[in-house]
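Chemist: With these hints in hand, go ahead and build the complete structure from the sequences.
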Amino acid sequence: MTSIPAATVILLRDSAGGPEILMVKRGENLAFAGGALVFPGGRIDDADLITARDPMLAIGFDGLSDADAAARIACARESLEETGVLLTSGDAPDPVALAAARVRLLAAPVADEACSSAAILAALDHRVDAARFLPFARW
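So for the sequence shown, our numbering puts the first residue at 14; every next one is plus one.
Certain hints may be false.
Distance windows between CB atoms, simulated [as the list claims (entries may be wrong)]:
1) Ala-113 x Asp-79: 28 to 36 angstroms
2) Ala-29 x Ser-78: 33 to 41 angstroms
3) Ile-17 x Asn-42: 18 to 26 angstroms
Calculated from the structure, these hints are not laboratory results. All values derive from a computational prediction rather than experimental measurement. Idealized CB from N, CA, C, for every residue including glycine.
Modeler: Take a look at the structure:
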């Protein structure tokens with residue numbers, strides 16, 4: 014069996030009641046882990062590395078390995094796709110524009126998904142900042 018490179022992001026925030034963790038529920042009808050609560054994440058696409066190496070779309074990726082750089086972009090992309098949370102640097106986007114961007118991302122063919130996320134970053138004038146992601150494990 015060949016492994017498929019993937020990345021998962023754990024979104025944490027402080028609140029008055031203590032730390033909060035964002036999880037999503039997988040579709041009940043999915044063959045793998047249907048209905049399970051999971052952290053946002055998914056397959057690392059070839060275009061994720063292209064995005065990571067584009068200084069107009071990414072900050073602080075210069076010293077990272079290709080695998081680490083692509084994984085961080087995949088986390089940002091999957092977060093937007095699965096939760097609507099934009100893990101980027103830039104001015105707060107208009108909520109309507111952000112919602113429209115997410116719809117575009119979800120509607121993109123799988124082969125174009127990462128490329129369309131790069132287009133969304135450019136349209137929102139946002140960049141993924143490598144420092145916002147703290148790698149935990151790779152296995």
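Chemist: Confirm or reject each hint.
Modeler: Structure-based check of all given hints:
1. Ala-113 x Asp-79: 28 to 36 angstroms: Distance hint for Ala-113, Asp-79 holds at roughly 31 angstroms.
2. Ala-29 x Ser-78: 33 to 41 angstroms: This hint holds: roughly 39 angstroms between Cβ atoms.
3. Ile-17 x Asn-42: 18 to 26 angstroms: 21 angstroms, holds
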